[in-house]
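Trainee: Below are the chains, spelled out letter by letter.
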Amino acid sequence: MPNNVTDFLTALQEKTENALTASSDNQKIVIQIGSATCEHAAGSQDVLDEFRRHVVSSGRTDISFHPTGCTGRCSKEPIVGVFIPGHAPVKYEQVNREIVHKIFASHIQNHMPLAEYALDGSLEEEAIKNKLVSDDPVSKNFTDIYGDVPFFKMQRRIAMRNAGVLNPESLEEYVHIGGFKALAACLSKGDPQWVIDEVLKSKLRGRGGGGFPTGKKWQMIAGQPEKVRYIICNGDEGDPGAFMDRGMLESDPFNIVEGMIIAAYAVGAVRGFYYIRAEYPLAIKRIQNAIDLCRQNGLLGENIMNSGWSFNLEIRLGAGAFVCGEETALIRSIEGKRGQPKVRPPYPTTKGLWGKPTVINNVETFANVTAIINFGGDWFASVGTESTGGTKVFALAGKVKHTGLVEVPLGVALKDVVFNIGGGVLGDRELKAVQTGGPAGGFIPATQIGMQVDFEPLAKAGSIMGSGGMIVLSDEDCMVDLAKFYLTFTADESCGKCTPCREGTTRMLEILNKITEGKAEMTDIDKLERLARLCQRTSLCGLGRAAPNPVLSSIQHFRDEYVEHIAHKKCRAKKCIALVHYTINHEKCIGCTVCQRACPAECIKGVRKEAHVIDQPRCVKCGQCYEVCRFDAIERI
Amino acid sequence: MNQQMINIRIDGEPLRVPATTTVLHAAEKLGIHIPRLCYHPRLKLEGSCRVCVVQVKGFNYFLTACSTEVWEGMEVETNSPAIRQARRDIVELLMDNHPRDCQTCERDGVCELQKQAYRLGVRERIFEGKRKHYPIDNTSLSVVRTSEKCILCNRCVRVCKEVQGVHNLSQQGRGFNTVVGPAFLSPMDESICIQCGQCVAVCPTAAFLEHDHTERVWEVLALPRDVKHVVVHTAPAIRATIGESFGMPIGTPVTGQLVTALRRLGFDGVFDTNVSADLTIIEEATEFLSRMKSGENLPLLTSCSPGWINFLEKFYPEMIPNTSTCKSPMQMMSTLLKTYYAEKKGINPKDIYVVAIMPCVAKKYEAGRKEHALPDGTPTTDAVLTTRELAWMIKSYGIDFESLPKGEFDKPLGLSSGASDIFGATGGVMEAALRTAAVKLTGEGVGPLEFEEVRGVTGLKETTIRIGDIDVSIAVANGLENAKELLDAIKRGERKYHLVEIMACPGGCVMGGGQPYPPLDHDSLDSDLALRRARALYTIDDNKQLRRSHENPDIEHLYAEFIGEPNGEKAHALLHTHYQARLPRGIR
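Protein sequence lines, in the order shown, are assigned to chains A and B. Letter 500 of the first sequence, counting from 1, is numbered 500 in this note's numbering, and no numbers are missing. Letter 183 of the second sequence, counting from 1, is numbered 183 in this note's numbering, and no numbers are missing.
For reference, chain A alone in the conformation it holds in the complex (with noise of 0.2 Å):
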């Protein structure tokens, strides 16, 4: 049987090198281009088709396209790769048709690549000296390609590692930088308790938020009676701002879809389903095409792989509701119920989907799966902490230089993460906290910026890891109003089920929308203190319990700033907008009349030359007379 397996993968592999071998030459350029939503909606696809008229005009026929998925840098996107051979790859950032017409004559037609557009500077002598030489064979594909990009440099591709890689539609290049060798690997070895040791081997925890170690979870499961089983890939991503699922599914769908055979297998389910928000149709697309290829290929359905292990994996889709992420809510919700969350226990790995043992995991968990068969569970152990093995993907935005997916070891210094790969503070302001974990997350004031990146530490600071996101705020942000951001999220994705989350939230928000407004009194602290505490210890979900962290996280490390909206009526980031008003300063205002012109309300009195009144009652504070003001005589208090 084991050989059956290894004979098997021998004439996939060569299959596929015979398919690559005739589909390029290797002596052709290629022009690589991202293909993701994300990059999509930079405009990667007009670049793509400007590309291919000076392609067709110049009327060469050494150009190849191969379009990969998202590297996760969001900020330069679209970005284009122009791989000469012999020569060092190079990447180009922000690139539009024009952009594509000087990359065409100059790069590709005379061999000098153009400097002024590489992706963050990487043509600099600097970054190309300091250029990372990686012997890590894991990530060693993505560190070849990026190796010079300060951005990917300070990170550790794990999950992500063929992110910018490979095409993401093509079994042959998956199979190609050695896919399907870990499933075959599992498959051969005809040990299911093999696979959960290794995995619990490598601390992995679960990715999707809680942090539950994913072979506990698989082992749990392993030992149920019950031989009807399934599993399921949570790909629900609902967090605002998070967008580490759609990378990944987007970028690297084989990569989850072979994780998720080698879990099916580790667990003995039956069946799995994808359960992925409808809101990401390419990232279906891609999942579809990849089980499709798979089965085609025989590495799902009936006698995987020759081995006589049958299993089969179909997509189901989410509705958009934030809920059904949560694990339990998700099952009703493939079950065709209303997808809202039920009392545990049972847990899902007794009693999950239409009543059987179901394993959920998020699609990142799947991700390093792969990599932990190949290259072990102890070096994936020795990767992240002591408590959890590995890397985590961050969706790493708000007021920070460069945004995007960040994959850093657990473990990693929040500072690095803000500073070294973030690049710091947009417009080098004062760093005020970082936001993690989503919606449901807390701040992390800046004082304790130096903190390590992991589960245990996140909670002790009143947040958590969430699914991954990462928010960076400056002075410029108030914290009263984030809260009231989060939680009118929360509220609003509230299921309606228990009545602290369905009640609590909307009266903490009224709260809150009292304090922006300077309504409020200093009774009204405690009372959303007493309302977040009592969300937090009885709500039926993790989603409810963990809806007040903006308001306890912000009331614990910026009560300062509460105290001033209600006691000083005061915005100090003037963001409330109830709390700031714009005054004309008598003596700077040279009676120019540009700010009466700007004004909407039309509520700005004066005679040319002469200082101008801003109406109070009828001011809107919209802040268009500030922004416009040459003189600095608006005055925003």
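None of these hints come from the bench; they were simulated from the model. Wrong hints could be hidden among the right ones.
[Stated by the list, open to error] In silico lysine-lysine, BS3-like type, Cα no more than 25 Å apart, as pairs:
#1 K132(B) <-> K514(A)
#2 K130(B) <-> K337(A)
#3 K351(A) <-> K132(B)
#4 K44(B) <-> K514(A)
#5 K132(B) <-> K519(A)
Given the structure is predicted, the values throughout are model-derived calculations rather than measurements.
Using the hints, position chain B against chain A.
Mentor: Just chain B, lined up with the frame of chain A:
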């Protein structure tokens, strides 16, 4: 599974309980009643109200007592200051999103939310803010839905789905905007609702109530006697339950006091629906015997329960040919009052106002059916009062119910057999029918009187009874989910019966949607409550001389004087009805 015993501590007290016990039930063994709202012993676990939270050592959040099973060494605190505050705050949050109208609410005094708020000490509103607003849905003739009063405990949704198999109600929208209603929040009268009123019975607040008929009854009672002759008839199940509303023990028969109370209220004639129950038996037994003879359209399905009839028309119209065409006892009685009685009294039927006291809210819908009207279109039943509504009227009038002298029903249409009393319990109609059918089938004038096999509150009862030399297979279903199971089996040909009794409400009419809210320590749908209420009816039956419907001399007289032959032409005109498929829109 062997019952493993587990040692736990609740509030410091050691306790040994079986392994699958929940904390809620374990605490009850110590005499601690943990407050609850969404929990209902007969319905699936919901765990949504969070009122029953307790503190369990080792957890940084609170667990719900209703859903948490004990484990060895578990230490539970049920009344720590943190728990007390959490429960209080949860109930306040529910109150904050609920109208502030306790004093003017129909459920004032019998509201579970009000009770919990008082018990848990919600003395002030700390968090009050905006409140949900929804229009009242009173489109249904039976049930009024007031979503503003809903606390989203989901009991109605569960009873409609799990017990009645109707699936009409569901939660819609999310978060603060969550609301319970029929699909797409369509009006109740356009929904698949079968009007059984079990949602009313399980609702902890006044979000579901029966359509009020008390006002119109007060009005006619106040009219001069020569303008309206107001008569009332009262269903078998009322006498077994209305005493509860006046603090009397569960299962106290109060027929005499009930009659007197109705006279005090000012009714000109007080009659007994039991009489028409006897009549139903005669008609139905005749129908049954003729079908037995021809072998056509068997099994015969009973037709007394209007909730079941609605269910039949909406979900099982293919079973209409099997269903008895007999009107329900209420409609038979109302018809007789506006024909036979009117004739006898020399009163124009239009001047007679018939009020029926029923344990049922579906009767309100039945009374409004077009087929239940005199040729000129006047409805035969003008108003239907539930047990609860009548109890309120008696209280409102200031009648001291318990100390009332026992009265007698007016004659004619006042004398009934014991067989009619047991109509109020599941299996009662079957037993009453069997008593008569047995005698008629054997033709010997005697037969068995008590059929223990069909008594009790089991959802589905089936047996074969040997009468003479015939084996009669029978089945009794109560609760429509059980009826569904039975009907599907019949349709698939897996089971064959001769006679089937179906009652919509679990436990029969004694547990109808219009019955008094359960007293302390009982839940609606409680089988113990059903048994005790039914026992009152069996006791009345036991104490009667007359035990078989066809032996009722008044009935014999009625046929001789007015109706003619059972199942005859006049009987059909007066006492029988017809059904039609009313498939819900969008279904099948």
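Trainee: Hint by hint, say whether it matches the structure.
Mentor: Status of the hints after comparison with the structure:
Pair hint K132(B) plus K514(A) holds up; C-alpha atoms about 19 Å apart against a cutoff of 25 Å. Note on K130(B) and K337(A): the hinted pairing is violated, with a Cα-Cα distance of about 30 Å set against a maximum of 25 Å. As the CA atoms of K351(A) and K132(B) are separated by approximately 36 Å, the hinted pair breaks the 25 Å bound. Only pairs whose Cα atoms come within 25 Å are accepted, and K44(B) paired with K514(A) is rejected, the gap being roughly 40 Å.
Restraint check for K132(B) and K519(A): the C-alpha separation of about 23 Å stays at or below 25 Å, so the hint holds.
This entry does not satisfy hints 2, 3 and 4, going by the numbered hints stated previously.
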